[in-house]
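Mapping of the sequence shown onto the working numbering: residues 1270 to 1535, in sequence order.
Quick caveat, the hints were computed from the structure, so don't treat them as lab data. Just so you know, not all the hints are guaranteed correct.
What the hints assert, rightly or not - Estimated spans, in silico, between C-beta atoms of each pair:
id, residue 1, residue 2, range
1, Met1284, Glu1508, 40 to 50 Å
2, Arg1405, Ser1463, 11 to 21 Å
3, Asp1336, Asp1381, 24 to 34 Å
4, Arg1287, Ser1505, 37 to 47 Å
5, Arg1405, Glu1435, 35 to 45 Å
Computed from a prediction, not measured in an experiment: that's the story for all the values here. For glycine and all other residues, C-beta sits at the position ideal for the given N, C-alpha and C.
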Amino acid sequence: MYRDTDLRDVDWGAMPYREIQATGSQDGSVAVVPVGSVEQHGTHMPVATDSILVEAVTCEGAQRVSDDLPVVVTPTEWVGSSPHHMSFGGTITGSFETLLDLLEEIGECVIDNGFDAIIFVNGHGGNRSLVDSTPRILGPEYPQTDVRACTYFDLPDSEYINEIRESDHGGMAHAGEFETAMMLYLYPELVDESSMAGTMRDVDMFGDGSNTTGYADFADLSETGAAGDPASATASAGEKFFAEASERLAELLLETHERNSENDVL
């Protein structure tokens, strides 16, 4: 992230502190906090996949609207809630309470720099309830700040995704076609195409059932740690998935800016 000079204008971690404060002081300013995880992603992808993808989508989304609004992207919070992946190894997880406290404190620091709005953008299914809780905690404490939360793979139009996908329903679960395709597009050198094996399930990231809750050790769901059909993924589809997610986030950023301009916080 820091080496990409094209992102210099939206990268909190690459800015001097005065620049961050100057951005935060502008009318309708928005800070984006990507939240990922470090957990197993099958035998074919790196454990930081969720953090890599949510950072890429948030940076691209912010860059698309950087000429239209004051926006920055903080460094990615990379520890997620991933106890269900521990049996495979390579996973670093935190307790729900610890992570919620961390997100609250990150939000408070962002608010202290004067931003009118914060959007926590989640990149890991296991973080949904965690990240969704941030507006309910920070909102009452800081009513002058518009605090929002979303999961980036909930933003794309599911009908559009279904037009592009090659896998059947169930093929876009954890480390399945969707995530694998985007990694093939963004970081093909990190994907082992000789080991793209997964277990099909009856739910995936798009469609009925994707938001049901429950707990199961992932070793009981997949022998390899991947759920879905990663072998159907292509870089060309990944480019379209990435563009769709980034554009939908860009629209959310612009909407949030307009909502909070001239101190019009709802």
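Are Met1284 and Glu1508 spaced within 40 to 50 Å by their CB atoms?
violated, 29 Å
For the hint 24 to 34 Å, verify it against the beta carbon of Asp1336 and that of Asp1381.
With a Cβ separation near 26 Å, Asp1336 and Asp1381 satisfy 24 to 34 Å, so the hint holds.
Arg1405 versus Ser1463 beta-carbon gap, inside 11 to 21 Å or not:
Hint violated: Cβ distance 45 Å, outside 11 to 21 Å.
Is it true that Arg1287 and Ser1505 lie within 37 to 47 Å of each other by Cβ?
Hint holds: Cβ distance 43 Å, inside 37 to 47 Å.
Pairwise beta carbon distance, Arg1405 to Glu1435, judged against the given window 35 to 45 Å
Because 39 Å falls inside the window, the suggested range holds.
In this structure, the earlier hints numbered 1, 2 are contradicted, and the remaining ones agree with it.
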